[in-house]
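Chemist: Sequence:
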Amino acid sequence: MERRDFIKTTGLIGSAYALSGPSVLANPSANVLAPTDGFWLDGPMRWAQLAFVERDPGHYDPDFWLNYFKRIHADGALLSAGGIVAFYPTKIPLHHRSDFMGNSNTLGYLVEGCKKQGMKIMLRTDPHAARQDVYDAHPDWIAVTVDGKPRRHWANPDLWVTCALGPYNFDFMTQVNQEIMQNFQPEGIFSNRWHGHDICYCEHCTSNFKKASGLELPKAVDKLDPTYRKWADWRMKRLREVWSVWDAGIRKQKPTARFIPNGFPDKVMTGKEADLFFADQQARRGLTAPWANGKGAKELRSTLGMKPLIGIFSIGIEEEFRWKDSVQSDAEIRIWAAEGTANGMRPCFVKFGGDIYDKRWMEAVAKLYEGYYKNEKYLRNTASMSRVGVVYSEQTDRNYGGKPWQQKSSDHLDGMYHALVESRIPFDMVNDRLLTPEDLKRFKLLILPNIAALSDAQCKQIQAFVDNGGSVVSTFETSLYDEEGKQRSDFGLASLFGVSYDQKVEGPMRNSYLQLRNDAKNSQTQLILKGLEDTPRIINAIYKVDVKPTTTFPSPITLIPTYPDLPMEDVYPRVAETDTRELYLRQVGKGRVAYIPGDLDRSFWQMLGIDHGQLLSNVVNWALDEEPIAAVTGPGVIDVNVWRQANSMTVHLVNLTNPMMMKGPFRELIPVDAQVSITVPAGAKVTGVKLLMSDQKPKFELKGGKVTVSVPKILDHEIVALDLA
Numbered sequence: 001m002e003r004r005d006f007i008k009t010t011g012l013i014g015s016a017y018a019l020s021g022p023s024v025l026a027n028p029s030a031n032v033l034a035p036t037d038g039f040w041l042d043g044p045m046r047w048a049q050l051a052f053v054e055r056d057p058g059h060y061d062p063d064f065w066l067n068y069f070k071r072i073h074a075d076g077a078l079l080s081a082g083g084i085v086a087f088y089p090t091k092i093p094l095h096h097r098s099d100f101m102g103n104s105n106t107l108g109y110l111v112e113g114c115k116k117q118g119m120k121i122m123l124r125t126d127p128h129a130a131r132q133d134v135y136d137a138h139p140d141w142i143a144v145t146v147d148g149k150p151r152r153h154w155a156n157p158d159l160w161v162t163c164a165l166g167p168y169n170f171d172f173m174t175q176v177n178q179e180i181m182q183n184f185q186p187e188g189i190f191s192n193r194w195h196g197h198d199i200c201y202c203e204h205c206t207s208n209f210k211k212a213s214g215l216e217l218p219k220a221v222d223k224l225d226p227t228y229r230k231w232a233d234w235r236m237k238r239l240r241e242v243w244s245v246w247d248a249g250i251r252k253q254k255p256t257a258r259f260i261p262n263g264f265p266d267k268v269m270t271g272k273e274a275d276l277f278f279a280d281q282q283a284r285r286g287l288t289a290p291w292a293n294g295k296g297a298k299e300l301r302s303t304l305g306m307k308p309l310i311g312i313f314s315i316g317i318e319e320e321f322r323w324k325d326s327v328q329s330d331a332e333i334r335i336w337a338a339e340g341t342a343n344g345m346r347p348c349f350v351k352f353g354g355d356i357y358d359k360r361w362m363e364a365v366a367k368l369y370e371g372y373y374k375n376e377k378y379l380r381n382t383a384s385m386s387r388v389g390v391v392y393s394e395q396t397d398r399n400y401g402g403k404p405w406q407q408k409s410s411d412h413l414d415g416m417y418h419a420l421v422e423s424r425i426p427f428d429m430v431n432d433r434l435l436t437p438e439d440l441k442r443f444k445l446l447i448l449p450n451i452a453a454l455s456d457a458q459c460k461q462i463q464a465f466v467d468n469g470g471s472v473v474s475t476f477e478t479s480l481y482d483e484e485g486k487q488r489s490d491f492g493l494a495s496l497f498g499v500s501y502d503q504k505v506e507g508p509m510r511n512s513y514l515q516l517r518n519d520a521k522n523s524q525t526q527l528i529l530k531g532l533e534d535t536p537r538i539i540n541a542i543y544k545v546d547v548k549p550t551t552t553f554p555s556p557i558t559l560i561p562t563y564p565d566l567p568m569e570d571v572y573p574r575v576a577e578t579d580t581r582e583l584y585l586r587q588v589g590k591g592r593v594a595y596i597p598g599d600l601d602r603s604f605w606q607m608l609g610i611d612h613g614q615l616l617s618n619v620v621n622w623a624l625d626e627e628p629i630a631a632v633t634g635p636g637v638i639d640v641n642v643w644r645q646a647n648s649m650t651v652h653l654v655n656l657t658n659p660m661m662m663k664g665p666f667r668e669l670i671p672v673d674a675q676v677s678i679t680v681p682a683g684a685k686v687t688g689v690k691l692l693m694s695d696q697k698p699k700f701e702l703k704g705g706k707v708t709v710s711v712p713k714i715l716d717h718e719i720v721a722l723d724l725a
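Positions 1 to 725 (UniProt numbering) are the ones given, in order, by the sequence shown.
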């Protein structure tokens, strides 16, 4: 029977699973129960995305993909449905149906096949562009540039870019969502490129913004411009309205279904409103670090908690010129996916187009998914066990900048992140708008890498964290500005730091150094200068905040001021050493506080100086003042994450050791070995230890509440699992 006739004969079924009462997912041979308890959300663990292109109908083989989904034990499917192109027989005027579809139902056949395999279905829309007939019928639906011209699509000039904040999304796409839900009854709709591109000057945006603010639209993107800030806030609210309209319409058709926006520009609101989320962090490009996928996962985890987080990763290259039919190396795919999984994401590979030109990626993805399927119960995390939280700040990103020393401010976080990865310190991210005692109770240490913009209330929350026994490490201009980016006369956390702002930021400081004052009798100094014992000085940061101490401090690190670096005959210090401290350490109750006035974290990221990394690691370990939950020794660069499950705990080891770590795809995987010491949770009994990805049961030692195990080979990703009773 022809596929199109099959669809016409059988029709489309509704959801294959009743969602009332407890149930289990398919694939019972896995011996893994996945209770949904009346809700499907926490079921699927391995997703597959097939992004159709218009000519796929009649050109691609859907059974090939259904067989592949079955082979890799995919239990969730993300499939293209409508928007720019409808891949089903739409009845909505102006909803462009694929010119290649004929009388068939491309989407319907694949949905039917996936449901028969027990897969949950998420359908994808893309509303960001439209064809000429849409422009002719509704020119007001099209985005307008600052010079008043309708916006042609930048990649395909036959298309027009739609306005995300007007009737096209609110009215037209609401109808599309309704039709998709009625026809296919998916678990939800995921919308790509739904939030617009740049400032739109169409009649709807012009009048709606004027009504909301009393202002004309800003003429350019300038985050420090008050009008632009008002527009950004208005845009956020408008997008939230779109989300609300679409989600309400989808739930009306199916109460358990959800709308999932791709990349809502506020992570706190995302965490509050979304019951699950798809993170579209597909691959590296340029100088992107391989841990960037884990960083994105950590940031979303900080607001989503333990809600299901699905990580979309590409099998193709994601560089500037977008070769969408390309294929990445196996090693690159495996490392990117491993970083997501190790940081609590559920994998979702994406293939653009149903035709397949190059199958080399398929074995790498299959191997990953088969391993994750076999060990599914160890990937159903219930809590992170990290004791270190790194704060990130969306309000600082929005409201801080403009001065020379404030450029590339995101490098502060990247530098601290990389230092922690190299130090093998398990850590999570913390959103600066979620600093309540309940949010922070599991952490011993908070790190603030130039979190410059903090409100008075946020400063009080950080102070309360320290009063309750927590520790803090802060750098550079942290808390010198309020939540709107207005500079204070002094740090909001001045009393915590024990220093006050001396009204100046110095730099860039050429040829300046840090004097290391090693005191063999002082254990604190020894810890701070660990690994630096054989040198009296190291290079300084590039910028520094001038501060005045308001209490007494030790002086393990002081300033050697800038002196000439040319001509060569003049390269010698004019001032041999000073008493100006460049690290402020103090005990505050049961907590410890370290303040670094230099941009040491940013300087580390920009230069990757080994001494900067060592010093940052030492300061963090001093402030943590407790043994890590998992200590890993051995060669290489290993990202360490620790999770708890219902009856186990796991230590994820992602091997980032590679000459291509900072540029270009991994060519091969270079194995390393490691010794792992894991602190067993209080009251738990260890009944077994496994190395999940290599399928081994290693010998281990249990002594003093710690399990020590040797991992002979970490290729890309190893998971040490402790079965607990």
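These are calculated hints, taken from the structure and not from any lab test.
Some clues are possibly wrong.
Listed next, the in silico DMTMM-like pairs over lysine to aspartate or glutamate satisfying Cα-Cα at most 20 Å (straight line) [what the hints assert, rightly or not]:
| no. | residue 1 | residue 2 |
| --- | --- | --- |
| 1 | Lys441 | Glu577 |
| 2 | Lys252 | Asp171 |
| 3 | Lys548 | Asp611 |
| 4 | Lys324 | Glu54 |
| 5 | Lys359 | Asp723 |
| 6 | Lys237 | Asp198 |
| 7 | Lys377 | Glu626 |
| 8 | Lys590 | Glu533 |
| 9 | Lys460 | Asp482 |
| 10 | Lys697 | Glu668 |
| 11 | Lys408 | Asp222 |
| 12 | Lys219 | Glu241 |
| 13 | Lys590 | Glu438 |
| 14 | Lys377 | Asp140 |
| 15 | Lys441 | Glu483 |
| 16 | Lys521 | Asp625 |
| 17 | Lys210 | Asp140 |
| 18 | Lys211 | Asp325 |
| 19 | Lys116 | Asp61 |
| 20 | Lys359 | Glu668 |
| 21 | Lys359 | Asp411 |
| 22 | Lys374 | Asp61 |
| 23 | Lys230 | Asp519 |
| 24 | Lys403 | Asp546 |
| 25 | Lys272 | Asp439 |
| 26 | Lys530 | Glu438 |
| 27 | Lys703 | Asp723 |
| 28 | Lys486 | Asp467 |
Chemist: Hint by hint, note whether the structure agrees.
Modeler: Here is how each hint holds up against the structure:
1. Lys441 <-> Glu577: Between Lys441 and Glu577 the Cα gap is close to 42 Å, so the pair fails against 20 Å, i.e. violated.
2. Lys252 <-> Asp171: 16 Å, holds
3. Lys548 <-> Asp611: 26 Å, violated
4. Lys324 <-> Glu54: 14 Å, holds
5. Lys359 <-> Asp723: Given that 20 Å is the threshold and the Cα spacing comes to 37 Å, the pair is violated.
6. Lys237 <-> Asp198: The given pair, whose Cα atoms are some 16 Å apart, holds under the 20 Å limit.
7. Lys377 <-> Glu626: Status violated; Cα separation ~30 Å.
8. Lys590 <-> Glu533: 28 Å, violated
9. Lys460 <-> Asp482: 13 Å, holds
10. Lys697 <-> Glu668: 26 Å, violated
11. Lys408 <-> Asp222: Status holds; Cα separation ~15 Å.
12. Lys219 <-> Glu241: 24 Å, violated
13. Lys590 <-> Glu438: The given pair, whose Cα atoms are some 19 Å apart, holds under the 20 Å limit.
14. Lys377 <-> Asp140: 51 Å, violated
15. Lys441 <-> Glu483: Judged against 20 Å, a Cα distance of about 24 Å means the pair is violated.
16. Lys521 <-> Asp625: Holds, because 19 Å separates the two Cα atoms, which is no more than 20 Å.
17. Lys210 <-> Asp140: 17 Å, holds
18. Lys211 <-> Asp325: Not OK: Lys211 and Asp325 at ~45 Å, beyond 20 Å, violated.
19. Lys116 <-> Asp61: This hinted pair holds, its Cα atoms lying about 17 Å apart.
20. Lys359 <-> Glu668: 18 Å, holds
21. Lys359 <-> Asp411: Given pair Lys359, Asp411 is violated - Cα atoms ~37 Å apart, limit 20 Å.
22. Lys374 <-> Asp61: 28 Å, violated
23. Lys230 <-> Asp519: Distance ~54 Å between Lys230 and Asp519 Cα, so the pair is violated.
24. Lys403 <-> Asp546: At roughly 16 Å apart (the allowed maximum being 20 Å), Asp546 and Lys403 satisfy the hint.
25. Lys272 <-> Asp439: Roughly 14 Å separates the two Cα atoms, so the pair holds.
26. Lys530 <-> Glu438: Distance ~34 Å between Lys530 and Glu438 Cα, so the pair is violated.
27. Lys703 <-> Asp723: Given that 20 Å is the threshold and the Cα spacing comes to 16 Å, the pair holds.
28. Lys486 <-> Asp467: Since the Cα atoms of Lys486 and Asp467 sit roughly 27 Å apart, the hinted pair is violated (cutoff 20 Å).
Comparing the model with each numbered hint stated earlier shows that hints 1, 3, 5, 7, 8, 10, 12, 14, 15, 18, 21, 22, 23, 26 and 28 do not hold.
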